[in-house]
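S.K.: Here is how the chains run, residue by residue.
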Amino acid sequence: MIKAIVVFNNHGKPRLIKFFQHYNEDMQQQIVRETFHLVSKRDENVCNFLEGGSLIGGSDYKIIYRHYATLYFVFCVDSSESELGILDLIQVFVETLDKAFENVCELDLIFHVDKVHYILQELVMGGMVLETNMTEIVTRIEEQSKLEKSEAGLAGAPARVVSAAKNLDLPKLPSNIQLPNLPSFR
Amino acid sequence: MALKKVKGSLERVFDKNLHDLVRGIRNHKDDEAKFIAQCIDEIKQELRQDNIAVKANAVAKLTYLQMLGYDISWAAFNVIEVMSSNKFTFKRIGYLAASQSFHEETEVLMLTTNMIRKDLSSQNQYDAAIALNGLSCFMTPDLARDLANDVMTLMTSTRPYIRKRAVLIMYKIFLKFPEALRPAFPRLKEKLEDPDPGVQSAAVNVICELARKNPKNYLSLAPVFFKLMTSSTNNWVLIKIIKLFGALTPLEPRLGKKLIEPLTNLIHSTSAMSLLYECINTVIAVLISLSSGMPNHNASIQLCVQKLRILIEDSDQNLKYLGLLAMSKILKTHPKSVQAHKDLILQCLDDKDESIRLRALDLLYGMVSKKNLMEIVRKLMVHMDKAEGSMYRDELLSKIVQICSQNNYQYITNFEWYVSVLVELTRVEGTRHGSVIASQMLDVAIRVKAIRAFAVEQMAQLLENSHTVASSAQRNGICEVLYAAAWIAGEFSEHLRDPRGTLDDMLRQKVTSLPGHIQAVFVQNIMKLYAAILVKYEEDEDNDGIREVSDLLVEKLPMFVQSGDLEVQERACCILQLMKYVKKLQDKDVSCADEVAALFAGELNPVAPKAQRKVAVPEGLDLDKWINDPPSDSSDDEGPANSLFIPDDSRMMNESMTRPVVEELSDDELERRREARRAETQNNPHYLKLGASAKGSKYQEVVNVEDIPVANIDLSVPLYVPGTKRLSDKYLEAERQARKRDKKRRHGKKSKRRHKSESEEDVPVVHKVDIMGGEMPEGATESGDEGNLELDDNDPHKLLDIDLDRPLDADEKLPVRTHRIVSPSAEDRPVEEKKKHHRKDKEKEKKRKEKEKKKSKKEKKRNKSGDDSAHPSLLIATELMSPGHEAIPSPGEEEEVAPPSAPVKKDTTPKKEEPKDDLDFWLSGQDAPVAVEVTAPEPGAAADVDSDAEDTSRHKKKKEKKAKKEKKEKKEKKEKKKKSKVANDEDVDSGRRDGFEELNSDGPPLPPMSSYRLLAEDSNIKMTYETRVQSQQGQQLIVSVIFTSLAEQHLKSLEFNVMDSLNTKMDRLPGATTHDGVPVPFQLPPNSFNEGQFAFQVQSINVAQKLRGTLTYTIKTEESSTSEKLDFKLYLPCTAFLIATPCSSDAFARLLQGGELSSKYSIKLSSGGAPFSHVLAKVCFYGHFAIVEQIDQSASLYSCSTQGHHICLLVKANGGGDVSIDGKCADGSLLSNVMEEIKVTAS
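In order, the protein sequences belong to chains C and S.
Using my numbering, read the first sequence as starting at 1 and increasing by one per residue.
Using my numbering, read the second sequence as starting at 1 and increasing by one per residue.
So here's chain C without its partners, still in its complex pose:
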């Protein structure tokens, strides 16, 4: 089981949190802080596994993370998950984000956290891995976006115009997430 999925940036600001076990908001923030503390002090070229933070899990739980550009993707999993498998899942997740946002960067996650959640929902459900096939995931996401667009119809038009206007000044940061290649999994 995956117990929690947290994405935060190099400064520990949460960009996505998803807990599959209930913690209240304060606890969630504490966990994010602790995890950031643990993960951020590690070098780039060390292994991606960490044994147990104190707040979440216990000895059975592992923190498995990947660091892409400005973002840390952290999964907290128990021993029923394969370590390398989860690393791969993170890769699938990030690659999917990359496809869905066309060169994903931190800003995409900041402004579209809801969409990130929807993508994650296609990969993981209730702490269990649901789908790992990227094309399948992307198709599903696109279908849902279409559905959303068709529903918005006329009524949504003014809001879209306004938001488009508002977005004109959106800062364009070229900080793409570079996707390194993984040891073959699939």
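The set of hints was computed from the structure by calculation and includes no laboratory data.
Backbone N, C-alpha and C define an ideal beta-carbon position, used for all residues, glycine too.
Among the hints, erroneous ones may be present.
Here are a few chain C residues that sit away from chain S, every Cβ distance over 10 angstroms (derived from the structure) [to be verified]:
id, residue
1, PRO14
2, ALA100
3, ASN133
Cβ-to-Cβ under 10 angstroms is the rule here; a few derived chain C residues that face chain S [to be verified]:
id, residue
4, HIS22
5, ASP26
6, VAL113
Cβ-Cβ distance ranges computed for the label pairs, FRET-style [as the list claims (entries may be wrong)]:
id, chain 1, residue 1, chain 2, residue 2, range
7, S, GLU32, C, ASN24, 42 to 50 angstroms
8, S, ALA616, C, HIS67, 45 to 53 angstroms
9, C, ALA152, S, PRO195, 45 to 53 angstroms
10, S, ASP142, C, LYS41, 41 to 49 angstroms
11, S, ALA611, C, ASN24, 43 to 51 angstroms
12, S, SER315, C, ASP26, 40 to 48 angstroms
13, C, ASN24, S, PRO606, 43 to 51 angstroms
14, S, GLY477, C, HIS67, 33 to 41 angstroms
15, S, HIS467, C, ASN24, 52 to 60 angstroms
16, S, GLY501, C, LYS41, 25 to 33 angstroms
17, C, LYS146, S, SER315, 28 to 36 angstroms
Given chain C, put chain S in place with the hints provided.
M.R.: Then chain S, alone, in the frame of chain C:
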């Protein structure tokens, strides 16, 4: 209406949307909290509006704020409002908010049941998917109970997208509503073989999660998983399955044996590192479970270690880490294979990655031997000097101590070396492990008698140099070693070379800066030292010395009296007074050394760690009973109760003052008491006694300590010079020298010793020491860990420890909405059909929707159920036709499946599976690498013959497989090579296996046995057949015939006919006469085989039947077709009507004594040299008997006929290869016929 909508959306333009919120927060970095508070106010405004779009926008913003740590539970109701929107866009926003903020205690969740149910059954699969997703995050027991049935329905959805989600969410339902597990399990199991890989993977996932916590309940699934493992190519699924096997093997070693081969293959073939790693892990688990008595798995271990080495050598740190992790698992059982890679592991100690270094340290722990301990510890100490960061250094230090002290100092050959290592460790800067070192010093000094002299010397040195340690009292921890040093020097002062000097060291002013508890020990041991010195001086009659040392104490002790620490102060006061008294006596020239020494007489013995637990509770002592009457609650009693305690306290104080701190009974006293206790327990029948030998050895051990020769320390070497070469290195050097010498010597005797590699015994033991075992109470022995690993009571999995193999009871069904007015059967109908109706219904509903919006749901449902019952048979036909349904139908469904018009009787009771036996059976087949389908024969399949073409096609796959096996079997017979495989492969009645298996589990391999016999054969076709019966159907017999085409052409229009006798009649198509054959419901392409089943009605079963029959068929070639005929004789023995029914030995005895079984019959067979177990197996297999009991060379067997005759057999092996069988039965002719048949088949 429309106007309002437009107005609403225009208003929205001016609301902040999520974007604006995020941007706003980013722009208000300085007053973020204030800005957010303002936003929340706005959100509250928005939530008050009617427009759902506005609400959804507000909820979306709340979800973002939740991520930042703001509690949004106050908006729970609004979230539900948004969830209930008809629009997918809003619904999704609502569900996302709910999944982030709802949890079990969210009260409004009560309101959502019907809404979620509606969404689950939505026509739009994305609606259903988001509902399932949301539900997976906020499942409550209520929701689980109410929605379990709906999710069950979704598990058979036509859309894999929904199906896989439904399967996954079942796990969450089980956790909250364990009662759902058993009714849902068959379907879950079915999903393991779903055509969609995603669904399959989901099912594997769920079962793995379940099995991880309660593995034993899922053992029976092993064959299914095994098959998946050998057939699946999905790495995710494979990894899960392999992990699951890792959890299952400890429970069933036979499973492990079966796994080794396919896993090894995977290890060789896979390119995916993750899969490789998991395979290795599971192989390790298997090897651990097999570790006893399986020497020939060395190859597997070697393979694992080899592959792990590759991982560890990889540049990828992750692989390195995992490799070391797995290595440490091998280490536990096969330390030798890991020790070969010591170099690699020592290398990892230099890795820049701390996680890897720590893993490598873990490994070192298990790799030491007597031979390499010194070397490894030396390396570690070098590392410790180099290591940066106190964390890692501390880790190293504690590892050194752990490595050395493991298993009662198993690997230490030279304790002098160890003590000097400990002393060296005290010089490590900034360690937190001072107390660890101290306790090691104490432990070694107390338990290793021979080392005491050396240890005391070293401690004296430490005390002498205490200024280096004590000066840094804030160097947390390391001063703890002075605690040990002082105590050892005091307690074993007789070994001190210069007690006086040590006394001076201990009385230095610096000491008062030490922590209180250490000072306390100093004070106490100063007195001990004094006592020792006093005795010595009195012997020498050195009165000046006595006076001088007494004065010294009286002068110096007051510095402790002024201590702020109570303990120190108290002890110091006490001892100072004592000193003054002693001095007074000395002034009167009274010698009092003996009296003073008596304070500290006696010796400490170590106590075993478990001793306290082993102290038996004396008879008549009830620990739960009140000693006095329980205090009454009234407050009046408090006064006297308090006063009661005061004298108590003071008494304790007095006692601790007067009594010597180390209370020790003399050996004689101890022995006397033991003797008394022994005598007492001797007569006590409730007391478990130890074997005499064990007792004896224990005492010997203690006594022998005195006799052990203590090697002299070579004092020509300077013991310790601070700041020069490490003392411990000296020992390493010495050992190396010794070994070199030894090697040289061995070189000379090469021819003799060659075969003997350097083993543990060869390590020269410099210093013979005896390690005392701890003291234990009488009658108790040291035993392993008694703590049993149990699931935590709070773990929801505890409730999921449910037997899944027991057939479902009638009342075990998923709860169904009660307000629904439905005929009871409608719920259980195949879901496929329901779905269809649902869709239809929905369409109808859609049309209606515009007009009547809030018409009650009840009506809808009533409609639906009405629809359902209107034309069930049609739908059932489609259900039967659809492929992929051959797995076990869920309970209750079975009844529904039966077409009402079907001409055959249906088995209505749920079939009895005996999965445990199935598993045993599966596991027993060690040769068979391929999984065999283990599902018990389906009652439905057996029942109908001719009319049921669908049925046969449904089973086609299975049958084909079986037929393949059949072919294989023939080959094997020729080769006469592989044994017992055929028996495994046959899909025989589980009962028969039962009897068969027990025999197969041990003993030599059995000869091949097949229940299939040849019926007839010509150049075109071959028929083999087997008979099957059902216990509920006394008159019916199924003959299952495998048709194998030997022709080059297509065979078609097969017709099977058997001439009826008075007793036996074949079931034919309705309306057919006795001369019409039964058409075989398939054609035979060239070189294929298929199985047809034919039912017979039999009146009497006590005589064997021989029936004449004919098979007619047409050979079809391109241009012509010719008709052929094949005659055969169908032999139906009496044993065909027997069903091996398990019977307890009690029931068996009752049967025999009951007198009902009046007929007797005996036969003798010659075994022809085969072992008894083989004969027994044959009798069981061919005769369909179950073993009741087997004692050596005799066994009692039981079987029951389809018409309820009990048959009891006693099989005995007489000398000379003869086997006699005595039988008892109520029906004489049945008995005699059965036994004659056995005689033919078994001999």
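S.K.: Honestly, which of those hints from before does the structure not fit?
M.R.: 1, 3, 7, 8, 9, 16 and 17
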